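Trainee: Start from the sequences, fold in the hints, and give me the full structure.
In the order they appear, the protein sequences are chains H and S.
Counting in my numbering, the first sequence runs from 1 upward without gaps.
Counting in my numbering, the second sequence runs from 320 upward without gaps.
Any given hint could be a false lead.
FRET-style restraints, in silico, Cβ to Cβ [to be verified]:
| hint | chain 1 | residue 1 | chain 2 | residue 2 | range |
| --- | --- | --- | --- | --- | --- |
| 1 | H | Ala219 | S | Gly369 | 39 to 45 Å |
| 2 | H | Glu290 | S | Pro383 | 30 to 36 Å |
| 3 | S | Pro566 | H | Tyr251 | 51 to 57 Å |
| 4 | H | Ile178 | S | Gly610 | 35 to 41 Å |
| 5 | S | Asp377 | H | Ala196 | 47 to 53 Å |
| 6 | S | Pro383 | H | Leu311 | 36 to 42 Å |
| 7 | H | Gly151 | S | Gly450 | 25 to 31 Å |
| 8 | S | Glu609 | H | Pro37 | 42 to 48 Å |
| 9 | S | Thr628 | H | Gly183 | 49 to 55 Å |
| 10 | S | Asp377 | H | Lys6 | 54 to 60 Å |
| 11 | S | Pro383 | H | Thr313 | 52 to 58 Å |
| 12 | H | Ser31 | S | Gly610 | 51 to 57 Å |
Derived by calculation from the structure, the hints in this document are not laboratory data.
Here the structure is a predicted model, which means the values were calculated and not measured.
Just so you know, even glycine gets a beta-carbon here, dropped at the ideal spot from N, CA and C.
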Amino acid sequence: MADTGKDVERLYRSLRRIRRVEEEIARIYPSDKIKSPVHLSIGQEFVAVGVCDVLQPTDIVSPTYRGHAAYLAKGGDLNGMMAELYGKATGVAGGKGGSMHLIDMHHNVIGASAVVGTTIPIAVGYALSFRRRKTGQVAVAFFGDGATEEGVFGESINFAALHRLPVLFVCENNGLAIHTATGRRWATQQLCARVATYGIPAHRIESGDVIELRAMAAAAVTAMRNGDGGPVFIECLTYRWREHVGPNEDYDAGYRSRDELQPWLANDQVDVVGRRIDGARRAAIDAEIENEIAAAISFAEESPFPTADALETHVFAGS
Amino acid sequence: MSSPAANERILTYVDALREAVAQEMRADERVFVMGLDVDDHKAIQGSTRGLVEEFGHDRVFGTPLSEDAMTGVAIGAAMAGMRPIHVHIRADFLLLCMNQLINIAAKSHYMYDGQVKVPLVVRSMIGKSWGQGAQHSQGLHAMFMHVPGLKVVAPSNAHDAKGCMIAAIRDDNPVIFVEHRLLYFSDAYVPEESFTVPFGKARRCTTGKDITIVGISNMLMEALRAHELLVEAGIEAEVIDPISLVPLDIETIADSARRTGKLLVVDNAWTNCGASAEIVARVVERLAEEGKPVRVKRMGYAPTTCPTTPSLETAFYADPAKIAKAAYAMTRPGKPAWEPDAERAKLAYQAKFRGPF
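Mentor: Have a look at this one:
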């Protein structure tokens, strides 16, 4: 599976599109036009792309504050995202959420949170609703390695396991919580062993291979959709190429070495998958992506800021 | 609260809560009840009794001791279109839910620009007496009032318990539902059919020209008893039940204080940064703009942790005698102090309770 030319093209387009969107964000960022802290996924795109590629439009994903990749991979609107980063009225959250609170319910990207781990049970709540109503939908919770240290992580997995809810837990383990490596936070790296004790399958992918991840996600999601599969946990090793927050690299900051980056650069999935596509075809895809991003930036720049009357809207929902 | 209509009967607070939830569950498939021990034989002091038998384990289920995640699960289910009721047998346990309630439930509708709603009811019971002590007796409603996006309601009687519960379930926002354990035995005329008590509309329970007394939650009952004692001392108190704290009907309270010139707010909580402080501040602000002075006072918990032993606990809480004494002092400044007979100040609904919790 996932090896037809069409699949490869689709995966490449998604990977490349996310990479280029974030590179453009990083390029624009010093201009101060973007009014939002940005946590870039550059280097980690394959996790969101591999998982979201097997989802249906009606499935939901819960991204993190490092969530541009999951948002875009699930089909979140690019114009609305860019405008949101600019703080514009046309942004997906009307300029009230910014990069850390992306949401697009038209494409079933549920809102992201700036508090680590917080959205894991929210995704489980969606899964509870799906199971109760027998909709066949699946929920995917993305989170980082740091979130697995929060109490809510274990609580959520236990509840999902108990009720065999259709939720896929995807840990993007980039080895860092801001600047602190897992080795300084965990007595043992056996995350999957910890999770497995809750009574759910727990898989670890070390290869950084989008095709391998895609196959694993597909198997899990198919079982859930058929009604008998309960939650599954996937730990996906990855690497954050840029600083925790902001557009830059920070290999001179002293907490990590550029040597760590080298194997990930060599295995960059944007390139690895891209190389499987005919050069002319790849160039055409790239050109389409550039046009789309340029249009999104123009859209964001030309959109108006919200007016003051928007300040007090949506404090409460009208009943 | 008023004279009974043909379709009303005497019902206790706890039965009113249960009836409200059962009626809404029959009417709306999306409503479900979750929480620690909601489906056991004690049924949250009886307030969930019979629900699991009628609606099954899919719609009435106990949870692991995971308040943080369970709150998130309830919020997620609410966002997905369900209408969860999350029950906590002690309000103190809400402190384990704060991240989800404050960072997600309160904010989601706003920070996601209206794309999601969180129609969630959080039931929380406040304990008192029989050694409830430091961590089983806290009235924490002011903490929730502080944060935009949460509604907070504290019905003081069986009628409002039912009407507010139905209103809360039908509300598209997260509602913190404050229940005082001692009120569970209180009864009132309650319509059999489904009805709502709207939020943001205070009730004037008595009319009087001398002083306005606002009582929150069970303190409304204690204020009403104080009112009866004050009548004997020749003082007419206008007792107001705010019913909901967010939204807060400050108009009704300010209108009364404008007439009486005196405002005493009695809360089942600490006064520091509390609901009583907020109500007083809003009334003073409003009347000051009109050049109208108002004499104000707050009463609530002593500024201490709640002790267990009765001798200290009695000193910790406001009660009808203390309320009446304070109201008298406010209305008769310069006159010798007066306080009612302590035995006569006792409340019938409290005397019914014999513990244990």
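Trainee: All the hints need checking, so say for each whether the structure fits it.
Mentor: Hint check:
1. Ala219/H to Gly369/S: 39 to 45 Å: 43 Å, holds
2. Glu290/H to Pro383/S: 30 to 36 Å: Violated, at about 50 Å.
3. Pro566/S to Tyr251/H: 51 to 57 Å: 53 Å, holds
4. Ile178/H to Gly610/S: 35 to 41 Å: Distance hint for Ile178/H, Gly610/S is violated at roughly 55 Å.
5. Asp377/S to Ala196/H: 47 to 53 Å: 27 Å, violated
6. Pro383/S to Leu311/H: 36 to 42 Å: Holds, since Pro383/S and Leu311/H (Cβ atoms, about 40 Å apart) stay within the stated range.
7. Gly151/H to Gly450/S: 25 to 31 Å: With a Cβ separation near 29 Å, Gly151/H and Gly450/S satisfy 25 to 31 Å, so the hint holds.
8. Glu609/S to Pro37/H: 42 to 48 Å: 45 Å, holds
9. Thr628/S to Gly183/H: 49 to 55 Å: Given a distance of about 51 Å, which is inside 49 to 55 Å, the answer is holds.
10. Asp377/S to Lys6/H: 54 to 60 Å: 41 Å, violated
11. Pro383/S to Thr313/H: 52 to 58 Å: 38 Å, violated
12. Ser31/H to Gly610/S: 51 to 57 Å: Since the Cβ atoms of Ser31/H and Gly610/S sit about 53 Å apart, the hinted range of 51 to 57 Å holds.
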